[in-house]
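In order, the protein sequences belong to chains A and B.
Going by our numbering, 106 is the number at position 106 of the first sequence; the sequence numbering is gapless.
Here our numbering = 1-based position in the second sequence + 321.
Hint data in this document are derived by calculation from the structure and do not stem from the laboratory.
Where is the CB? At the ideal position from N, CA and C, for every residue including glycine.
Any given hint could turn out to be false.
Computed beta-carbon distance windows for the label pairs [to be verified]:
(1) Pro365/B <-> Glu45/A: 51 to 57 Å
(2) Gly336/B <-> Arg189/A: 36 to 42 Å
(3) Phe367/B <-> Asp139/A: 42 to 48 Å
(4) Pro306/A <-> Gly336/B: 50 to 56 Å
(5) Ser227/A <-> Asp437/B: 51 to 57 Å
(6) Pro306/A <-> Lys433/B: 24 to 30 Å
Derived coverage of chain A by chain B (criterion: at least 3 residues anywhere in the stretch with Cβ under 8 Å from a Cβ of chain B; other residues may be distant) [as the list claims (entries may be wrong)]:
(7) 257-263
(8) 266-280
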Amino acid sequence: MKSADQVPDVPCVIAGSGPLLFLVAWQLVQAGATVAAVLDTTPRENYRRAAWHLGGALAEAGSILKGLRWIRQIKQRGVAVISGVQNLSIQGEAQVESVSWTNRNNQPQTLQCELALLHQGVIPNFQMARLAGCAQRWDSTQLCWRTESDEWGATDNPVIAVAGDCGAIGGALAAEFQGQLVALDSARRLGALSLSQRDSQAVIIRRYLRKQNRLRRFVDTLYQPASWVTEPADDTIVCRCEEITAGEIREVAILGCIGANQAKFFTRSGMGPCQGRMCGLTASAIIATTTGLSMDDVGAARIRPPLKPITIGDLANQAPD
Amino acid sequence: MVLDGEDTALRAARGNAGLVWYQFKGLGFQPYADISLEATKHWPDFADELAARSGVTLHYEKPGGIELCTNAAELEQVSAELEQLRQQAPGGHYDSELIDRQALQEMIPALKLGPDVAGAAYSPHDGMVYAPALLRALHTVIQQLGCRILPDHKVTAIEANGQSYVVRAGDRKFAAEKVVLAAGLGLAPLGDRLDTPIPVTPERGQCANPDEIRRPGSRCSLCDRR
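Construct all of the structure, not just a fragment, from the sequences and the given hints.
Right under this line is the structure:
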């Protein structure tokens, strides 16, 4: 929709969890697409856990109300909104024919459709910082790698600071404020601002950022993906490029494959065109659970340039050093 | 017992695994040439046994292999090296031959040769195996045979102790009568500790694997020499 200006011309089902699920449904309906249903996989217990952070999130009540308005509006346009969805699967031979799931009462359900769109939240663009060697650690709430940085975005590399999705998911507004803090500190480092000038200019930015972060805790807790998504059943394909299943990753973890880099050697998981951007976290999570190691011990596969796809022609035309 | 390194250890041998190769190995050192040829002859049986014991399909094939010469100078060099290998071999026989551009193109019809490709060396002994499957099969069978594999046990010291050795991996110590060093690029520091210089150094390279070569119609495996 965003980059290619394309809208599905067949009835579709949107399944997954996260605030963007309803935004996409709303946008698709606005653009004239037929959305048969939104299947919400948000685990029930997440609502209870997220309730603890509701007080803080109310500071940003506008965002929550916006979300509720999307849901109301798509329902008015005939979209079925079904929550408590588990064990989602898609059926079809040459193309999607239906989606199936189990409902709150563990009853199997099926819905005919020609297109299934999946979403389980977003993860940071951690590759650049990792390639540069910046310290990263596992975020057990967002279930992703985040680049370690101080309150000015400064990493353990003296010339690299991160803001927005390069560091951690904080939302578009938070990214803007973080960028401003990085800019202030960079100006201080370059001698254009004194320490006290930097700090005084940062006060108002931090206030906005704090409000965003309170909302973030609520959103992160509510929309943490279910474990059947992050560590799927054995027959689920984890690495789409090389068609490697969760079961194969478990098998090699038992054989002695204890890290994300070796998983590539053992299975080719993460060696396809996406270079592990789709499957990397899942593969690491499966290895961690199977071996009993922590995510920080299992780690992520080394980042191999190029960071963005390039043509073989670009590669061939590179002048040798 | 196998003491294996950490996840991020340099594992060039794994990156380069998959070819079961004879051609041009042991130039200037005949025992290496002999053992390479011997290995390619045993490989079909070895692959069968590994597959039977592990249940892993290895996709081992022995279609012969080619060493591409992408220009006339390379062809000349390959020709000279073949001659040297023939001379160093007992009986003056070396089982690889030069083929011209046309014969090469017929061998790999799916891969259209560039204008400068001059020819290739071909040997019927060379073949390939699906490297990830080989790794899985070896790990399975090694452990079936009663050997323990300890991952994330980077060897930090080896001490000779009379007739035996003590191998240290961090805080842990292992006593052994025999120690086989199979650490690839990790050999240099281990050799230093045993006062046996092993001068191996990592070299960064790029590997582009043309998928076309694996399509039906190709009658040989392909190796980039360096």
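Going through the hints against the structure:
no., hint, verdict
1, Pro365/B <-> Glu45/A: 51 to 57 Å, "holds, 56 Å"
2, Gly336/B <-> Arg189/A: 36 to 42 Å, "holds, 40 Å"
3, Phe367/B <-> Asp139/A: 42 to 48 Å, "holds, 46 Å"
4, Pro306/A <-> Gly336/B: 50 to 56 Å, "violated, 18 Å"
5, Ser227/A <-> Asp437/B: 51 to 57 Å, "holds, 56 Å"
6, Pro306/A <-> Lys433/B: 24 to 30 Å, "holds, 25 Å"
7, 257-263, "holds (count 6)"
8, 266-280, "holds (count 3)"
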